Every structure is written in C-alpha cells, then in structure tokens.
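All letters in the sequence shown, in the order written, are residues 142 to 206 by my numbering.
Be a bit skeptical, because a hint or two may be false.
Here are the computed distance ranges between Cβ atoms for each label pair [stated by the list, open to error]:
no.: 1; residue 1: Ala192; residue 2: Arg162; range: 38 to 44 Å
no.: 2; residue 1: Phe173; residue 2: Ala196; range: 39 to 45 Å
no.: 3; residue 1: Val168; residue 2: Ala142; range: 42 to 48 Å
no.: 4; residue 1: Ala174; residue 2: Asp197; range: 30 to 36 Å
no.: 5; residue 1: Tyr156; residue 2: Arg202; range: 18 to 24 Å
For the record, the hints were derived by calculation from the structure and aren't laboratory data. Here the structure is a predicted model, which is why all the values come from computation and not from measurement. The C-beta atom is built at its ideal place from N, Cα and C for all residues, glycine as well.
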Amino acid sequence: ANVGNDGAYDNASEYVRDLIRRDKERVEAEGFARLKAELAAAFAAPDSTYAVMDADTIIRRNARR
142 ANVGNDGAYD NASEYVRDLI RRDKERVEAE GFARLKAELA AAFAAPDSTY
192 AVMDADTIIR RNARR
C-alpha cells in the first residue's frame, strides 16, 4: 500500500531505506533522552555526593567494569 502509484514511495527499496532511516533516528533520540535524564540527575545531585578523582583512579575503576 505504501509503494507504487497509490503509495508515497516509488519502489520497495526506497520504502525500506526510509524505514531504516526512521528507526536509526528513533534509536538515537532514545539514547539522547537517556543521556539528558542522566545529566539532569547528575546536575541535580548535591555537591557533597561528588568525590574528587584523578584520571588514573577513573581509568582503574573503569577497567574493573
């Protein structure tokens, strides 16, 4: 129904490419929304919840994950 004379797309390939593009945009938008939520929570946290760390400490901590 979406392809051909009555549809919005000239051929199936065009339709599939558009579906893939839209799915990629949706996934990226969801990731951005999660990042925004994480940042909002981090910026809302009181300063007392943060600890000063140097780069070596962070690298060692992340290597254990």
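Here is how each hint holds up against the structure:
1. Ala192 - Arg162: 38 to 44 Å: Since Ala192 and Arg162 have Cβ atoms about 42 Å apart, the given range 38 to 44 Å holds.
2. Phe173 - Ala196: 39 to 45 Å: violated (27 Å)
3. Val168 - Ala142: 42 to 48 Å: Given range 42 to 48 Å: violated, Cβ gap about 25 Å.
4. Ala174 - Asp197: 30 to 36 Å: For Asp197 against Ala174, whose Cβ atoms are near 33 Å apart, the range 30 to 36 Å holds.
5. Tyr156 - Arg202: 18 to 24 Å: Given a distance of about 47 Å, which is not inside 18 to 24 Å, the answer is violated.
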